[in-house]
Amino acid sequence: MIENTDRVLLCRRAPDQKLSGYWEFPGGKVEEGESDCDCLQRELLEELGITTEVGALVAENTHHYDGFSVTLVLLEAKIVNGSLTPTVHDRVEWVPVDSLLDWDLAPADVPLAEKVINLFSGGTAV
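For what it's worth, numbering that gives the first Met the number 0 labels the leading residue of the sequence shown as 0, then goes sequentially.
No wet-lab data here; the hints were simulated from the structure. Do not take every clue at face value.
Stated by the list, open to error - Once the Cα atoms are required to be at most 27 Å apart in a straight line, the calculated DSS-like pairs of lysine-lysine come out as:
1. K17 x K114
2. K28 x K17
3. K77 x K114
4. K114 x K28
5. K77 x K28
Can you build the whole structure from these sequences, using the hints too?
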């Protein structure tokens, strides 16, 4: 979760990807021997051209799609260098937290968005 005041960054999956057209929190697949933190830093650099500092765990969700399952781990992240230059996604947007559920989110990201909304309205993470 990359935050900018009361907005968070969402990325839209490109037409040639699984779940194309859906919006998601940026990140990617953990490689063997890689921590969640290292994965997020690598993926954000590869996919968005930014270097980041990674912070606390915000939420986790396991979702079962038709034919595969995914476990998403949402971590706080702060941009320290670079400008958003998407290489995998076809769009990126800074989205007001209170409107996250108005976006066509990938199903696995919906519970994460709900936790982000709760967090910004005074709730707790995870």
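Hints, verified against the model:
1. With a C-alpha separation of about 24 Å, the suggested pair K17 and K114 falls inside the 27 Å cut-off, and the hint holds.
2. Straight-line distance between C-alpha atoms of K28 and K17 comes to about 14 Å, which keeps the hinted pair within the 27 Å bound.
3. Straight-line distance between C-alpha atoms of K77 and K114 comes to about 18 Å, which keeps the hinted pair within the 27 Å bound.
4. Note on K114 and K28: the hinted pairing holds, with a Cα-Cα distance of about 21 Å set against a maximum of 27 Å.
5. Taken as a hint, the K77 and K28 pair is honoured in the structure, with Cα atoms around 19 Å apart against an allowance of 27 Å.
This entry satisfies every hint, going by the numbered hints stated previously.
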